[in-house]
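Chains as they are written, first to last, in my numbering: chain A, 1 to 365; chain B, 1 to 258; chain C, 1 to 246; chain D, 1 to 310; chain E, 1 to 340.
Just so you know, the hints here were simulated from the structure itself, not pulled from any lab data. There may be inaccurate statements among the hints.
[Stated by the list, open to error] Computed cross-link-like contacts, DSBU-like style, restricted to lysine-lysine with a CA-CA straight-line distance of at most 30 Å:
1) Lys-167(E) <-> Lys-45(A)
2) Lys-74(B) <-> Lys-179(D)
3) Lys-145(D) <-> Lys-88(C)
4) Lys-138(C) <-> Lys-88(C)
5) Lys-297(D) <-> Lys-88(C)
6) Lys-320(A) <-> Lys-301(A)
7) Lys-145(D) <-> Lys-138(C)
8) Lys-31(A) <-> Lys-45(A)
9) Lys-297(D) <-> Lys-354(A)
10) Lys-120(C) <-> Lys-297(D)
11) Lys-333(A) <-> Lys-268(A)
12) Lys-31(A) <-> Lys-243(A)
Predicted, not measured: the structure shown is a model, and the values here were computed from it.
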Amino acid sequence: ADTIKVGFNIPLTGDIPKVGESSKFAAEILKGEINAAGGLKVGDKTYQLEFIYEDNESKAESATATALKLITQDGVLAIIGPQSSKQAIPAGQVCNDNKTPMISPWSTNPKTTENRPYVFRACFLDPFQGPVAAKFVTEEFKAKKAAVLYDIASDYPKGLAEFFKDAFEKIHGPGSVVAFETFTTKDKDFSAQLTKIVASGADVLFTPQYYDEVPLIVKQAQELGWKKPIMGSDSWGSAELMKLCGDACKGYCFSTHYAAAGAKGATKEFIDKYNTKYGYVPDDVAALTWDAINLLFTAVKNTGGLSGNLDKDRDAIKDKLTQVKDFEGITGKMTFAPGGNPTKCAVVVKISDKGEFEFFKSACP
Amino acid sequence: MSLLEIRDLTHFFGGLRAVYNLNLTLEGGELLGLIGPNGAGKTTVFNLVCGFYRPTEGEIQLLGKNIAGLRPHKVTALGIARTFQNIRLWNTLTVFDNLCISQHYLLGYGLVKSVLRTPSFRASEAKVRRTASELLELLGLNHYAKEYPKNLPYGLQRRLEIGRALSIHPKLLLLDEPAAGMNPGEVEQLIDLIRWIRTEFKLTIWLIEHHMRVVMSVCDHIKVLDFGETIADGTPDQVKQNRRVIQAYLGEEEPSYA
Amino acid sequence: MEKKNRPMLEVRNLHVRYGSITALRGISFHVNDGEVVALLGANGAGKSTTLMSIMRLPPPEGPTVSEGGITYNGIDLLPVPAHVLVAKFGIGLVPEGRHIFGNLSVLENLKLASYARTDKENLDADYERVFSLFPRLKDRRNQRGDTLSGGEQQMLAMGRAFMSGVRFILLDEPSMGLAPLLMQELFRVLKQLNEAGMTILVVEQNARIALKYAHRAYVLEAGNIVMEGSAEALRNDPKIQRAYLG
Amino acid sequence: MFLQSFFQNVLNAMQWGSFYALIALGYTLVYGVLLLINFAHGDIFMVGAYIGFFIATLLLGHYTAALPFALSPTAIFVLSLILTMILTAGVGVAIERVAYRPLRRKGVSRLYVVITALMCGLILENGNLALLGASRRSFPELLPKAVYTVGGVVISNIKILVIVTTILVFLLLETIVRKTKIGMAMRAISYDRMAVPLMGIPVDTVIVFTFILGSSMAALAGVLFATAYPVLEPYMGALVGWKAFIAAVLGGIGEIRGAFLGGFLLGFIEIFVAAYFPSTLRDLIAFSILLMFLTVKPTGIFGVARATKI
Amino acid sequence: MRSLSILAYVLLGILLVAGAMGNWVNSYIQLVIMYIGINIILSSSLNLVNGYMGEFSVGHAGFMAVGAYITSVLNVWFFTDSTIFGPSLFPPVSAVVLFPVTLLIGGIGAALAGLLVAIPSFRTRGDYLAIITLAVNYIVKSSIENLQVIGGARGFMGMGGVVNAMKSAVPVPWVLIWVLIATGLTIWVLYRFVNSTYGKGIVAIRDDEIAAEIMSVDTRRMKMVAFMLSSGLAGIAGGLFAHVLGYINPGTFTIMKSTEVLVMVYLGGMGSLSGSVLSAVILTVGLELFRSFQVWKWVVVPLLLILLMLFRPEGLFGHRELTDVFPWLGRRFAKKERQV
Ligand SMILES: Nc1ncnc2c1ncn2[C@@H]1O[C@H](COP(=O)(O)OP(=O)(O)OP(=O)(O)O)[C@@H](O)[C@H]1O
Ligand SMILES: Nc1ncnc2c1ncn2[C@@H]1O[C@H](COP(=O)(O)OP(=O)(O)OP(=O)(O)O)[C@@H](O)[C@H]1O
Ligand SMILES: [Mg+2]
Ligand SMILES: [Mg+2]
């Protein structure tokens, strides 16, 4: 039978192996389903799916090598990933140069898709999420002064922290972010920064960190006497958060792509399938990867049939991707404009007393 | 002008006085012996002269120029070479290389020329190699040119160390216990070697040795240290008879080293 | 001096290699209880190798025995590791090059030597003996080993051997770097020890003094024993006189 | 207000420095004997934390439906601490036997052993990842957390436990190394391994003892660390390990008091730079201080240059 | 024979470039070759300090970062229109000629950073110096993170534009060519340096620093030369790396990168240039081959390396060179040697 090869450029080792694992798991489910149903029907032909997972070790140079290998050695039709911007930016260049469509499910840095017709993403951008969070804390918590704690060496939190600061200071005036504190990747102790933050008199703490750092930050903050709200970002959105954080995180809010608790329809179906197979509620990376793959397949189907010539097919897919309108993803509705970035809504989720991520509010551009 | 002049040289290690008030004038061509009980401070004197320690007090002049406090490679370049009490050859470099590298200060080229291999580089490299080959020949080490020093018999290692010091073209050669670990046969060879070097290279030699056979047969003059201080000074025969030297150093018995 | 005739250490047909280099080519000799035996030979003849093989120092520091046997009072020594030889058999080695623990003080060096001793009651007397033998060490007892002068280190190495309470001691060039007076002292001490029951196998370049104090001697050349006999006989042998007595 | 946060930061630095010190002690112990920078040490620390996690959750009855006995959380803490120390010591000794000893026997340059240690560390990290998956683990809260506020300064019982333990461990190790014969033997091995058996001392036994001591200290640090920062991940030891190595060298590597003081010093530098300078400059300032310190005092706080007697 | 090997290398290079242009060598293989070249430069330059001089530098990535940033910033500033620096300073085509110049400037910048290590090395060595190199690595990384103008932690890009500018002038694989040239030159420079009496001074320092100083080797100057040459070459490797990737990020130049190079040096053998070259090739290719092992890759590869260490405890070549391992090669080399 004919096959469609899709490459996955994901971090299975290195700093964020969980991200790679989630992506792989989501992809496996989707592949299993489609192949079990006979394959992907494109035009009048059905194709079996072959997914090639390659580890980029969470390193930029490895991500480019991986991308090139997938493109030239394995001859994939398109690439999903890399997930974080540090890898997605250079890998995007490679894919663009080699005229191969790439969809990063999770990279929120504007540079990833800038001037790269072949590069797409399935998530919203930092410049969108930052203001959402700033507006939310202003409205919800009546915050006038905010503190921020973020990882300076990781570009996702750093970017988001800066966009948040800009947006917050636009609303409340310069200097309203009273503490803008940093640490470095893999730090475990934030007591010095938090001592400053506690003493700064801020009304809210914004910390756009990954789910595995959040418990440490939250617990240490509480121990040092922080009693006010803490606001997070989409990187909080992992099922593991509650496992690691326990009661400490309950009641806090974060902006994200989708809310698992109380989800309906396709989203709920996905969550249940994933949960049954792997034993935990999928995080946003999994959901976004799922969407990214489906986006790709939508474009593939829209080509109306594959020619078998890789270069032509890749080009066609790229063209179709830019035309995707009102794609119903499990993380929300997406429409692509030229530039490779989707227009989609963000949601704010509140962590309930049961530890579930409950839909609280949605914010659309 | 005398070759080496040491005035009121004193050195402390913390509270330990290793050398005290040493005075000495060494004329060109002389062969001076330095003896004394273990821990008397002999090696320390050498270390001071070659610049390895900076003296606590005192002056060291080479041909009228004060050298105390200069870095060792500078002192060596001025013409003082030495051997070590415990052999310190470069063991992962060949015997031949050992004799070349010691001429470092003579090279007169640097990184750039060494890469570009300019004519001046070739000339100086050739000169260095010539010196090394000559020394190999003279010391009878030809067969060992490509050997690593640690694989050489002990006596030959000592010989190589002397050769390495000679490759520097020194005015003054310091030998620290060259006969240690040698058997009587080798000691005889060493005595011949020292005498031969002295005439062949027209060197001034300063020698530390516990082997009385060597000291008494080659030295013109002997200085005896004890607890860092000079306790005797004179010709071999004078020193041999000196009561204090016998008490502190030689012992009453018939000398076991013939 | 009365000589005891029970062979204590027996070396039979010993072949020893360093990697592919053969250092000993089948040597046999013995040391009787209570004897002082000297091992003479030129540089590189294999004297140190002989002592190291007896001590079973493992590679890379030590050589490998490829053939032959070593017994001590009839017990095969080949399978016994060095530390057991010291602790259980009472065989000690003062190695060539002293091997002082430079980062320990003189006193600590001595203390460490008594690590495996069981007769703690004689310890104080032994310290006294070492210090009276080498008063210099007493002055320097809190100084780090690596700052001692060459001769002082040699004294310390000997001192350690005494402190480890061994009955059979192997000495590798103990006189190296010692001032004449001290060397005479040292051999006098060795004689005393021997009279008190210590068996000694000594490697020495200074054949004159070695033959003066030893009972018997062996001469090694290029990994073979080429001559053996009583010290007196060797002292008078013209060949020895020429090669080793200068 | 200023004083209050100052003292708060002193306390923060004490806790953070304690961990550096605890891990650095293990580093220094092994280094002090073998002159081996045991780059796997940080990962042994990680292994310790994981073993502690599994024992604790086992004792809490997370795996079997119910244990035949029920222990109080504090008892579980103590029990798992002890068991962890024993098991982790086993891991350390195993690595020594399998990877380091054969190389040592061949007498290769110690730097090759250092690289082997690096490899062992990688295997521990990634083996863990491969076997246990990428999920983080949350260390159970065994010790009921108590927080006291004294003059506005927040003190938790865990902080006190960590700091006190570190001081006790330091005193213990210092006594062992300075005062006991085995300690002296350890130092002797580092200087001249060849001569040690000649003193009647079994070298390998002393080395194994060292690894037992070092690894169990790493396990202790691991469990305490997991109690204070309860998120476990396979790479958790890598960075802390490097920093602890820095601390050990800062204090004068091979010196027990050096590791202790170096750990605290590094903790203080990091916390106070973050507290009183823009925290983005933390690494820059902290490492510049380190650079200048070592340039001025090239052998660390207590390190003595090996006297070069020529 | 020596000129023969140079010829062989040049031929191989031309073949590769031709292959790349004629699409016989696909871009993945090209990329791997470029990584190999860069790793060869890194490992052989680190070998100068760690192998030949016997120090233990663990911060090589720091110097690489300095070179990468300087070269990239200059190139983007000079040859492209960028949001940071505005319109290009020189006509973009001039990159063809000036690229090696900026590469060299990057190298010089890195060499100057090398002074940060060289000067403390006068007074300390061994593990204390290791920490100093580590500190320099951190200082470089953290400095870049704090330099917002060039992107800070978000990284710096635009080098793709430079490469494209060169390509549009003359359509050849420029980066590949420069990697090949730089790799060849590095080996050539290092080979000649360590085989001159002058360069052997650093080996003397490794064997016995005191004896070296007392035997007239100016140890301080030699250390400066070694550290600056080594870090300078690392800087050049960094500059090339930046242009291969088209994007750099301070997070790339961490201790992890440094240790990777470290492993290559010791795998090849301390003080063996051929060892460094070989191990850079083996490790780079090996890691690519094992990529499909995913998570297990980083278990399997270290395990293999440990086994290798157990069987060849002094690295692939020990202190030796290819010519010592295969004597017939050496005999041919030797004939020429005598004429020097
Ligand atoms: N670096 C040092 N620190 C402290 N003390 C030292 C140092 N170097 C030497 N000493 C001490 O200084 C004294 C003189 O030592 P030196 O090496 O000069 O003796 P020496 O006369 O050469 O003895 P030998 O004949 O045994 O070699 C000795 O007591 C020694 O312990
Ligand atoms: N570690 C080693 N590796 C290889 N060869 C060695 C080693 N040690 C000694 N040899 C060789 O073994 C032979 C015997 O050496 P040994 O040290 O036993 O001689 P020796 O009689 O003690 O000489 P010396 O009087 O110089 O101490 C020599 O040829 C020497 O080169
Ligand atoms: Mg001396
Ligand atoms: Mg010997």
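- If you check each hint against the structure, which ones fail? Checked against the structure, the hints that fail are numbers 1, 2, 3, 5, 7, 9, 10, while the rest are satisfied.
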